Amino acid sequence: MKLRHIIDAQQFTVPMLMELFDRSRAMERIAARGGTLDYQNKVMASLFYQPSTRTRCSFEAAMFRLGGRVFSTEQATIFSSEVQGELLEDTIRIISGYTDVIVLRHSEIGGAARAAAVSRAPIINAGDGKGGQHPTQALLDLYTIFRERRTLDGLTIAMIGELDRGRTARSLAQLLCKFDRVKIFFVSPPEMQMKDDILECLETRGVWYSLESDMNQVIDAVDVVYLTQIRTGRLADESGKGKFAIDAATLQKMRPNAMILHPLPRTVELDKAVDDDPRAFYFQQTMNGLYVRMALLTMVLDQ
Amino acid sequence: MKLRHIIDAQQFTVPMLMELFDRSRAMERIAARGGTLDYQNKVMASLFYQPSTRTRCSFEAAMFRLGGRVFSTEQATIFSSEVQGELLEDTIRIISGYTDVIVLRHSEIGGAARAAAVSRAPIINAGDGKGGQHPTQALLDLYTIFRERRTLDGLTIAMIGELDRGRTARSLAQLLCKFDRVKIFFVSPPEMQMKDDILECLETRGVWYSLESDMNQVIDAVDVVYLTQIRTGRLADESGKGKFAIDAATLQKMRPNAMILHPLPRTVELDKAVDDDPRAFYFQQTMNGLYVRMALLTMVLDQ
Amino acid sequence: MKLRHIIDAQQFTVPMLMELFDRSRAMERIAARGGTLDYQNKVMASLFYQPSTRTRCSFEAAMFRLGGRVFSTEQATIFSSEVQGELLEDTIRIISGYTDVIVLRHSEIGGAARAAAVSRAPIINAGDGKGGQHPTQALLDLYTIFRERRTLDGLTIAMIGELDRGRTARSLAQLLCKFDRVKIFFVSPPEMQMKDDILECLETRGVWYSLESDMNQVIDAVDVVYLTQIRTGRLADESGKGKFAIDAATLQKMRPNAMILHPLPRTVELDKAVDDDPRAFYFQQTMNGLYVRMALLTMVLDQ
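Protein chains in written order, with this note's numbering: chain A, 1 to 303; chain B, 304 to 606; chain C, 607 to 909.
Keep in mind that the hints were calculated from the coordinates and are not lab data. Among the clues, some could well be false.
So the derived label-pair ranges between C-beta atoms look like this [stated by the list, open to error]:
id : chain 1 : residue 1 : chain 2 : residue 2 : range
1  : A       : 233       : B       : 513       : 56 to 66 Å
2  : B       : 560       : A       : 34        : 40 to 50 Å
3  : B       : 341       : C       : 838       : 38 to 48 Å
4  : A       : 238       : C       : 843       : 45 to 55 Å
5  : A       : 276       : B       : 314       : 20 to 30 Å
6  : A       : 89        : C       : 820       : 25 to 35 Å
7  : B       : 560       : A       : 284       : 54 to 64 Å
8  : C       : 838       : A       : 89        : 44 to 54 Å
9  : A       : 34        : B       : 335       : 25 to 35 Å
10 : A       : 238       : B       : 509       : 51 to 61 Å
11 : A       : 38        : C       : 624       : 49 to 59 Å
12 : B       : 433       : A       : 238       : 30 to 40 Å
13 : C       : 624       : A       : 117       : 34 to 44 Å
14 : C       : 882       : A       : 10        : 24 to 34 Å
Examples of chain A residues lying across from chain C (beta carbon under 8 Å, computed) [said to hold, decoys possible]:
id : residue
15 : 37
16 : 38
17 : 41
18 : 67
19 : 71
20 : 73
21 : 93
22 : 99
What you are looking at is a predicted structure, and each value in this text was computed from that prediction instead of being measured. Every residue, glycine too, gets a C-beta built ideally from N, C-alpha and C.
So here's chain A without its partners, still in its complex pose (with noise of 0.2 Å):
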């Protein structure tokens, strides 16, 4: 399967999904065991225009896991943009000629399509700009529920927070339009609900949603709860997040066998006193975001 750069979410086709998902399950079974792959000849440009500790980790303990060598910066902006007025398509070019593949966090949407249109190595978009993409995201938490439900086809899952600014929530909402019998609550409050682009393209796919401002209502209906973090200030009331949040008394309503999402990093949405439910995901989906980058990593590597 031919994968040039990782771009968007929604370039991965369901074949593609799948054989990411077949990898992602590999990557799993090789790090269990300490071993690694044989990619120490191959070097990763970690370039981040923002800070995010724990993609960069992920990312770089994959590329370690794989047997290959990392180059990081944690802030490029603050190291070469801002400094003397860098292109972006200039350092681009120049970094993609001293290296195998970039993984790019940008601050401007679109930024890892310009990034890719210039690369001579593949570029992977570790997120650029709020609102914008965020695909490993979205491909690791849909690999969460696949590994655990075996089909993605017949979900029904409520997503939960600030849906028109979470890219993670986007992203994830377009991957399952590819899914058959799919039905997505959105819940949120209404001036933060999710934003007709994604709600146009689920009607196209004749995917099954619902809006809705009170998660009582369907908190006992679905397979998997997407949680996602309100940030401070968007409530005039920030006591209103309660209305948003999952705590012990939520979970006696909800399914025995649902699974909890959340894209970390939390507030006060995802009460601690959840991580030990059996139904908690969260950590364990961070931990899949290690190996669904070493698979995205192998397959972009392998041309």
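Chains B and C: place on chain A using the hints.
For chains B and C alone, coordinates are given in the frame of chain A:
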């Protein structure tokens, strides 16, 4: 010898210290012949919430000399916690899933213990807060003395400088408690003297100590001078620092086989004129940091 | 050929340059077939007191292509010196005990020489201060010309832009002195012309040069155009930069086999329309930086 986390210096018993020193000596031999060990599939995370280029380099070089790989962040605070309110515990849960050992420099006392409570991988405390613990510094200080004297029993040492907030002097004093017939002179401005918690610990163990404010009274009576920095602004009169400084004149009064140690960085308290004196051990001390950290990494990774 | 430290461009004799160019060419072949060399036990410290993502990536990728390992700090100033008043000399003494070679970008002229005076490991100067040295840039510039023309004798070159403070143009001029029948046009606003120290050096060596302020007078007469940025604020009228810029119109006047070089990053002086011209060598130039740095690393590590 089982060693899960390295949180504070006191956790090391005398037999553990002896094993550590044996391993450190072996590491020195391996490094001298340019070899590496068989840890190429191991990944260390270097998670620094406070700056320390030297300590970070020492740990990362140690991991490289073992053959391993390193994920590094120079300023974790800016890049995750502060930006999005991420919890230390969640960060550690996630990063410890991606890596085999975490070296943590945190800004709060107790940060390393909090990390250890939730981590899937061993935590090595690389300093947690002013006045907190910095066990690997204390261990390399102790090893530097042991390596020369072949024993720590019967040692007479003067600790000089800002002792109340100096975590290196505090930790070293606690480690020296474990040996026989140790005598400690604490030499500092009265308002910066070693705190009662350490003094009580010494009394409990029957260690002889004396509180001094004039270095000249004791400098000719000690095997080891352990010098530390007095931070700017703590003395009403900055020129008063001279009373707690070593220069060519002080060298005259010291024993011919005494050792001068300093955790570095230095300011006025340690004149460059001392550098060429055979009793100056502070650069050897930093080299020993490499070997001690290699040894500690093997001790937690070998489980 | 013995090479301990790489501090300035002038230290390279013509035979050393020829050895460097031979090795660089060999490195290009090794990199092209995706191989690495046998330096897996070697550790390079990348110690940057000033930001430069491109230069740092070039050095670190070079070390990775040799099989080696890298300790990296993106902003050493913030992380040690400024915070605690650490001396450059002490930092170098310590870091050079942990590593096999130090690549140093310092903020003060003479920083690399100060480091070399105390270092246990080879120092490679990756730039020390505005107007200071940046020898590896000058060497890769020279190699880029040599690689195409197979000789540097008889070269006619125009150096254009802010020449008084441009360390790359200064260093390149000094290196070109070593070859026969070189002719240099210095083209810049009069207040930014090449300084007397370099001009005197050229006169001593009998190198022909001419001070110009109009690019159009010379552009059709040169083998190489070496273009540099004019920093914002230096010209009273920013639009005056156009006189020292290359665009499609300028290309018309240039010789068909001329080469356009630029150390990058660029601003208005180098139009993107030039990128597709076969005479544009500035991205090849950055690639050559990888090979030259691989070669330099082998030269200091092979001792």
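Comparing the hints with the structure gives:
1. 233(A) / 513(B): 56 to 66 Å: For residue 513(B) against residue 233(A), whose Cβ atoms are near 57 Å apart, the range 56 to 66 Å holds.
2. 560(B) / 34(A): 40 to 50 Å: 47 Å, holds
3. 341(B) / 838(C): 38 to 48 Å: 53 Å, violated
4. 238(A) / 843(C): 45 to 55 Å: The hinted range 45 to 55 Å holds for residue 238(A) and residue 843(C), with Cβ atoms some 52 Å apart.
5. 276(A) / 314(B): 20 to 30 Å: 28 Å, holds
6. 89(A) / 820(C): 25 to 35 Å: For residue 820(C) against residue 89(A), whose Cβ atoms are near 30 Å apart, the range 25 to 35 Å holds.
7. 560(B) / 284(A): 54 to 64 Å: Roughly 59 Å apart at Cβ, these two residues keep to the hinted range, so it holds.
8. 838(C) / 89(A): 44 to 54 Å: For residue 838(C) and residue 89(A) the Cβ distance comes to about 20 Å; the hint is violated.
9. 34(A) / 335(B): 25 to 35 Å: 29 Å, holds
10. 238(A) / 509(B): 51 to 61 Å: Between residue 238(A) and residue 509(B), where Cβ atoms are some 56 Å apart, the hint holds.
11. 38(A) / 624(C): 49 to 59 Å: 37 Å, violated
12. 433(B) / 238(A): 30 to 40 Å: 33 Å, holds
13. 624(C) / 117(A): 34 to 44 Å: 39 Å, holds
14. 882(C) / 10(A): 24 to 34 Å: The hint (24 to 34 Å, Cβ to Cβ) holds, given that residue 882(C) and residue 10(A) are roughly 31 Å apart.
15. 37: Result: violated, 15 Å to nearest chain C Cβ.
16. 38: 12 Å, violated
17. 41: Status holds, d = 5 Å.
18. 67: With a minimum Cβ separation of about 12 Å from chain C (threshold 8 Å), the hint on residue 67(A) is violated.
19. 71: Nearest chain C Cβ about 5 Å off; hint holds.
20. 73: 5 Å, holds
21. 93: Status holds, d = 6 Å.
22. 99: 6 Å, holds
Of the numbered hints listed earlier, those contradicted by the structure are 3, 8, 11, 15, 16, 18.
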